[in-house]
Amino acid sequence: MAAVAVSVAGLLTLSACGGGDKQDTAGGPAAHKKVEVFSWWTGPGEADGLKAMREIFAKENSNFEFFDAAVAGGSGDQARALLSSKLQANQPPDTFQGHAGAELQGYIKSGKLESLNFLYDELKLKDVLPQQLIDQITVEGQVYSVPVNIHRSNVLWFNPSVLKDAGISGAPKTVDEFIADLEKVKKSGKIPLSIGSQWTLVHLLESVLLGSLGTDAYNALWTATSDWSNANVTKALENFKTILSYAGTPQDDWQPAAKQVADGEAAFNIMGDWAYGYFHNPPEGGLGKESKKDFDWAASPGTDGTFMWLSDSFTLPKGAPNRDGAIAWLKVAASKEGQDAFNPLKGSIPARKDADQSLYKDYLSWSLEQWSADKLAGSIQHGVVANDTWRTAITDAVGLFQQDKNVAKFQQALVAAAKNSGQ
Amino acid sequence: MTRVRRWLPGLLLVSPSIILIAVFVYGLLGWNFKLAMTDKHNEIAEIPGRFVGLENFTGIWGEERWGLSVRHSIVFTLVFVAGALVLGWLLAFLMEKGIRAEGGFRTVYLFPMAVSFIATGVVWRWLMNSATGEHAVGLNRLFHYIGLDFLQWQWFRDPDWGMAAMAIPAVWQMSGYIMALFLAGFRGVPDELREAARVDGCGEWGVYRHVVLPMLRPVTLSALIILGHISLKVFDLVVAVSGKQIITDVPATFMWTAVYDSHDPAKGATIASYIVLSVVIFVVPYLIWNARKGNRS
Chain C
69 MAAVAVSVAG LLTLSACGGG DKQDTAGGPA AHKKVEVFSW WTGPGEADGL KAMREIFAKE
129 NSNFEFFDAA VAGGSGDQAR ALLSSKLQAN QPPDTFQGHA GAELQGYIKS GKLESLNFLY
189 DELKLKDVLP QQLIDQITVE GQVYSVPVNI HRSNVLWFNP SVLKDAGISG APKTVDEFIA
249 DLEKVKKSGK IPLSIGSQWT LVHLLESVLL GSLGTDAYNA LWTATSDWSN ANVTKALENF
309 KTILSYAGTP QDDWQPAAKQ VADGEAAFNI MGDWAYGYFH NPPEGGLGKE SKKDFDWAAS
369 PGTDGTFMWL SDSFTLPKGA PNRDGAIAWL KVAASKEGQD AFNPLKGSIP ARKDADQSLY
429 KDYLSWSLEQ WSADKLAGSI QHGVVANDTW RTAITDAVGL FQQDKNVAKF QQALVAAAKN
489 SGQ
Chain L
-16 MTRVRRWLPG LLLVSPSIIL IAVFVYGLLG WNFKLAMTDK HNEIAEIPGR FVGLENFTGI
44 WGEERWGLSV RHSIVFTLVF VAGALVLGWL LAFLMEKGIR AEGGFRTVYL FPMAVSFIAT
104 GVVWRWLMNS ATGEHAVGLN RLFHYIGLDF LQWQWFRDPD WGMAAMAIPA VWQMSGYIMA
164 LFLAGFRGVP DELREAARVD GCGEWGVYRH VVLPMLRPVT LSALIILGHI SLKVFDLVVA
224 VSGKQIITDV PATFMWTAVY DSHDPAKGAT IASYIVLSVV IFVVPYLIWN ARKGNRS
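Keeping their order, the protein sequence lines are chains C and L. In case it helps, our numbering puts the first sequence at residues 69 to 491. In case it helps, our numbering puts the second sequence at residues -16 to 280.
Please note that a few of the clues may not be correct.
[What the hints assert, rightly or not] Distance condition first, Cα-Cα at most 27 angstroms in a straight line; then the derived DSSO-like pairs of lysine-lysine:
{"id": "1", "chain 1": "C", "residue 1": "Lys154", "chain 2": "L", "residue 2": "Lys23"}
{"id": "2", "chain 1": "C", "residue 1": "Lys101", "chain 2": "C", "residue 2": "Lys399"}
{"id": "3", "chain 1": "C", "residue 1": "Lys473", "chain 2": "C", "residue 2": "Lys254"}
{"id": "4", "chain 1": "C", "residue 1": "Lys177", "chain 2": "C", "residue 2": "Lys361"}
{"id": "5", "chain 1": "C", "residue 1": "Lys473", "chain 2": "C", "residue 2": "Lys309"}
{"id": "6", "chain 1": "C", "residue 1": "Lys429", "chain 2": "C", "residue 2": "Lys360"}
{"id": "7", "chain 1": "C", "residue 1": "Lys327", "chain 2": "C", "residue 2": "Lys309"}
{"id": "8", "chain 1": "L", "residue 1": "Lys23", "chain 2": "C", "residue 2": "Lys487"}
{"id": "9", "chain 1": "L", "residue 1": "Lys17", "chain 2": "C", "residue 2": "Lys177"}
{"id": "10", "chain 1": "L", "residue 1": "Lys23", "chain 2": "C", "residue 2": "Lys177"}
{"id": "11", "chain 1": "C", "residue 1": "Lys404", "chain 2": "C", "residue 2": "Lys443"}
{"id": "12", "chain 1": "L", "residue 1": "Lys23", "chain 2": "C", "residue 2": "Lys386"}
{"id": "13", "chain 1": "C", "residue 1": "Lys101", "chain 2": "C", "residue 2": "Lys443"}
{"id": "14", "chain 1": "C", "residue 1": "Lys154", "chain 2": "L", "residue 2": "Lys80"}
{"id": "15", "chain 1": "C", "residue 1": "Lys309", "chain 2": "C", "residue 2": "Lys429"}
{"id": "16", "chain 1": "C", "residue 1": "Lys192", "chain 2": "C", "residue 2": "Lys177"}
{"id": "17", "chain 1": "C", "residue 1": "Lys192", "chain 2": "C", "residue 2": "Lys119"}
{"id": "18", "chain 1": "C", "residue 1": "Lys360", "chain 2": "C", "residue 2": "Lys443"}
{"id": "19", "chain 1": "C", "residue 1": "Lys429", "chain 2": "C", "residue 2": "Lys361"}
{"id": "20", "chain 1": "C", "residue 1": "Lys255", "chain 2": "C", "residue 2": "Lys360"}
{"id": "21", "chain 1": "L", "residue 1": "Lys17", "chain 2": "C", "residue 2": "Lys154"}
[To be verified] Per the computed footprint, the stretches of chain L lying under chain C, defined by three or more beta-carbons under 8 angstroms from a beta-carbon of chain C, are:
{"id": "22", "region": "39 to 51"}
{"id": "23", "region": "111 to 117"}
{"id": "24", "region": "235 to 245"}
FYI, nobody ran anything at the bench for these hints, they're computed from the structure. Quick reminder that beta carbons are idealized off the backbone N, C-alpha and C, glycines included.
Just chain L, same shape as in the assembly (with noise of 0.2 angstroms):
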């Protein structure tokens, strides 16, 4: 009796939100994998769909579209996570050197992130317009003024490195946030530690080398796996940048075309099982390190 008296209210107090989550996450995520293993391509049939098991899983491979998506899926991650990471460490790697008005300018840099990404697309849209030469507007524009035309590109309209372009806003957007992650991570670093190094003989840079650096491999890891998720699911970014064009495709806007203009559920479901997926790929080898550490302490 008195073991059960205390548990009960613990467990009566997070009970809806276990109940809602088990309903609302994964049982709609069940849902949408059953779904995305039937042949249900037509929304209008109120015929269930036949069980087809991995079909649209392996058929959507066949799709040049679906390739194209994956492609630039892959290009914008590569240059949004490495950018925002690079970036952000570099300016928390300035503040941390202590200068002057540090309060104001991490405000400013935190600031792009209370932007939703669909005011940063339409802005950028603008800054990245594609036009060239006389007619330049946006960045272009700034380039031709200050004599840089050889840098005027096509911007997200490049057929093979637009999504790079794409990466830019997000980056501009992100890095603040990852700069006040390893801010936080750059002051754990005891100044003991630091000193015992000087101690020892090491010079500045051996001391970001040899001990902070290796201190901060949890904050990078924590910073990978916030901006990878982030990134494997942009959406409204690139709708707000390009609208829904094959040139900038990515899962995410695959996917709504096939629910809402394709009308094909299943395939809608299989886009964005594939999603779930690779989120999961990014997510799941964190949590399991994170359990390993928590078991180590």
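Isolated chain C, as found in the complex (with noise of 0.2 angstroms):
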């Protein structure tokens, strides 16, 4: 009998979910004007950055109305298996935030989006966008995606008093000047690179690749001919195990490695710019400390004059039950004054390059300084260079490496990655 109504019960939700989702999607002339626009933007500065851009949108488009539906979840894990889910039962929301990049090329090949590059056309983007980050993100000539902001992952973030008291006078240039400072470090008893869970190691994989392979051969290694056996990988994942055995112990996630930096008691950290707003921001939402005082920055070693960046972008899925509201949403997005409202928000620079300068100052103005003059390199962990199966097999081959340290074995598995990824 519980059996019964517990089956029952089952029934009742999930016909009530059926029904819920229906009306959201599909209900009469008065839900249409609704934006469902999906993001996983809840959290200090970046929910704020949303609210500024959806204040815009709201005084430019008055027969729409943006509708939230954010979920919660740094990097978007939990919002992407939930985006996944309702795109396979052909729900999509109006508009979704992706990495742009690699990350969409899965709802890409699967025919999910829509080509957006009537829109491009019209707002004249590729005029305004740099044209390397165009390159990067258009697949067979299409684009999928309007990014709304860059961050950038090759930053080497450091205490200068701790680099004072080992007798390093600077930021290490190469990746060889990064390995002897790591040892001075550890000579004068505080701990030489601060590290977080396994997702902070790709991170740091990524940046120790471009230091030691250089710009060009780097973004070879994700076209159709890279080659991931060559003596040069061997020496960059050589790098990588010398630079992990100066590691500390790891650490619960990215915020208390970069701390550890902060409080003095590590000397190294690399980590993504959105580290800057962790170290800089008062203490409710970060660690108040000063910059270029108490911590300072450096692109890291060996990637000076590359940006390897990632950005948040917006898609247009196909059959989205708003589509004039979604290219209303697109637009702001891909606007001047929308990306100059977000982004000093969000702490990230605007994808565009005709923002406005004052706005962005100390870290971001560095940022867009080098955003403007430096080469690109996209990012593995955050969805640029390589499709979600590629970046889980170069994941799970660096959590098997952490273990155990076998080179050999960590470029086989890189090979393997390279050549199941279906890219």
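Hints in hand, dock the two standalone chains.
Below you can see the structure in the form of structure tokens.
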């Protein structure tokens, strides 16, 4: 009897869910005006940025109502799991956030996304976005997303006073210098390099690969003719192993690892530039440290002149219930006004080249300067160069390497990952 | 007609549940096995995938990550099951000796069960923080305060015995429940039997050894099954404590990455099948044993 009651209750819940979804996506004309924007911007800073863009959207589109479908969870793991089930059920949101680049490939190949070339032509986006960026997000001549912001992955954060105590005069320029500096810090008794959970090692790996191989060789790893088995990659992985041997105890996530640098326990940390907000913001959301004094930054060793980027972007799913509303949102996301409202709050720089420079201070002004001058390379961990399958295989290989430190096996796994990625 | 009248209402009453279970449990289970035997390694392709027999089931043993996650699962299961059984038994034994305020203690020990594994995991992630020395927090800090620094270790980040540490929160959570089971078992032993044993010259230890413990066997077996199947399916605790890191990988987290990150449905289904099969190995002997016992009585 209890079983019957439970299953009947289950059935009711199921049908209730189904009904609810239908109303959201295919309701009457009144519901049609709603624009469902799916993102994972719920944290401090990013949620504020989204709100600022939302206000611009409301001002320009009185006939549409913004509906915030944000799902909490850093880097969007939970959000993407929910999104993929929505897309499989052919109930897409009107527009959703995704990392620009290879991460969207799965959606593109399964025909879930509309090409946005028409929008790029209409808004002349090809003139205001860097050519290299457009090249790196174009799939067979089509662009499928509008990049809202740019983050930098290859940043070396360091504690100037810890470096001084260890007798290091400035940030290391090359990987070899970096290793020598790590040794000096070790002798001074501090943690040379702080690390977080497994994904932060993949993040570290991408900077070490870029720094050891150089920009062109790094970018070539992601092309059809890539060669992961050559001696240069072996050398880069040996560097990675050496650098890892100076790492402290893994912390829970990137924040505690960054905090070790801010607190003067560790000298170096390689993390994306979202760490700046964490270092700099007042104590509610950050550590309230003073830049250039309590913490400082430089391009990660060997990567000066190259901007390893990642970008949040918005897409237009096929069968979006409110296509016009979604396009209206994409126009805000692509606009100078929208990007300049969003990015100073989020702590990133706009993808557009014509941004109002005066809005971006301290780290962000440095980043903006580099963005306009540097060569570009795409991030692995943050979905630019490798599709999900490939990235997962790399993550697995890094996790196994963390335990056995076997470079030859690591390289074999990376070769296999490239071969089996289907990219 | 009368015969029909006798079984029809009953059947009608249970049929919704039978149908739902047939479709949503066994139907989907079958569908999962079918998927596991195809080469649908790409969720994008609309084609259903070719039948490849047991290729996925054998192939997965060639993957280092799979071997590791199975090993982790075994270590976790051994420590968790043994730990919860021993601790639960001990608590029940102490209760049974008739301590004061037994009800209060019982409630306190049962409380952890009311907490979800996720909440347990979040708290224990902090308690089992791996930092040592000056910067230690959680349990390592406690060891530091009381001068037992040599006890500080990496907890779940230890490459060899990390999963044993992972089992500690699970033991903490489930041993109260096991205590309740054993306590009921202890109480189920009639006093007459104990007295008879004492009359026959048994010491207190002998009473337990020869009378009480043999009568606890069914309870122990039930506890073993309950703990075993929780342990083999463990997912939420691991994710709450460490996320999806190789260092604490178990089959369920591997399945998660296979489905949602690698987008490989066939591999995910294969791992899911193995999880089901491993639970079946635990449960089926119990069912057979139960059925035999039913026949005997």
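Here's how the hints hold up against the structure:
Straight-line distance between C-alpha atoms of Lys154 of chain C and Lys23 of chain L comes to about 20 angstroms, which keeps the hinted pair within the 27 angstroms bound. Proximity of Lys101 of chain C to Lys399 of chain C is assessed by CA-CA distance (about 17 angstroms); at most 27 angstroms being required, the pair is judged to hold. Annotation: proposed proximity of Lys473 of chain C to Lys254 of chain C holds, straight-line Cα distance about 20 angstroms (limit 27 angstroms). The straight-line distance between the Cα atoms of Lys177 of chain C and Lys361 of chain C is roughly 48 angstroms, outside the 27 angstroms bound, and the hint therefore fails.
Note on Lys473 of chain C and Lys309 of chain C: the hinted pairing holds, with a Cα-Cα distance of about 7 angstroms set against a maximum of 27 angstroms. Pair hint Lys429 of chain C plus Lys360 of chain C holds up; C-alpha atoms about 13 angstroms apart against a cutoff of 27 angstroms. For the suggested pair Lys327 of chain C and Lys309 of chain C, the alpha carbons sit about 23 angstroms apart, so the restraint of at most 27 angstroms is met. A distance of roughly 18 angstroms separates the Cα atoms of Lys23 of chain L and Lys487 of chain C; the hinted pair therefore holds under the 27 angstroms criterion.
Under the criterion of a C-alpha separation no larger than 27 angstroms, the hint pairing Lys17 of chain L with Lys177 of chain C is consistent with the structure, at around 25 angstroms. Using a Cα cut-off of 27 angstroms, the hinted pair Lys23 of chain L and Lys177 of chain C holds, with the two alpha carbons roughly 15 angstroms apart. Under the criterion of a C-alpha separation no larger than 27 angstroms, the hint pairing Lys404 of chain C with Lys443 of chain C is consistent with the structure, at around 23 angstroms. Restraint check: the Cα-Cα separation between Lys23 of chain L and Lys386 of chain C comes to about 24 angstroms, which is no more than 27 angstroms; the hinted pair holds.
Distance hint between Lys101 of chain C and Lys443 of chain C is unfulfilled; the C-alpha atoms sit about 42 angstroms from each other, more than 27 angstroms. At most 27 angstroms may separate the alpha-carbon atoms for a hinted pair to count; Lys154 of chain C and Lys80 of chain L exceed this at roughly 57 angstroms. For a cut-off of 27 angstroms, the pair hint linking Lys309 of chain C to Lys429 of chain C is broken: about 36 angstroms separates their Cα positions. Distance restraint check for Lys192 of chain C and Lys177 of chain C: the Cα-Cα separation of roughly 26 angstroms lies within the 27 angstroms cut-off, and the hinted pair is therefore satisfied.
For a cut-off of 27 angstroms, the pair hint linking Lys192 of chain C to Lys119 of chain C stands: about 26 angstroms separates their Cα positions. For the hint pairing Lys360 of chain C with Lys443 of chain C, the CA-to-CA distance comes to about 25 angstroms; that is within 27 angstroms, so the pair holds. Under the criterion of a C-alpha separation no larger than 27 angstroms, the hint pairing Lys429 of chain C with Lys361 of chain C is consistent with the structure, at around 16 angstroms. Taking the CA atoms of Lys255 of chain C and Lys360 of chain C, the gap is about 24 angstroms. The hint holds against a cut of 27 angstroms.
Between Lys17 of chain L and Lys154 of chain C the CA atoms are separated by roughly 24 angstroms; this keeps the pair inside 27 angstroms, and the hint holds. Closer than 8 angstroms: that is the beta-carbon criterion, and the region 39 to 51 of chain L has 3 residues meeting it against chain C, so the requirement of 3 holds. Only residues whose C-beta sits within less than 8 angstroms of a C-beta in chain C count toward coverage, and the region 111 to 117 of chain L has 4 of them, enough to reach three; the restraint holds. Counting residues of the region 235 to 245 of chain L whose CB falls under 8 angstroms from any CB of chain C gives 4; the rule of at least 3 is met.
Of the hints listed earlier, those the structure fails to meet are numbers 4, 13, 14, 15, in rising order.
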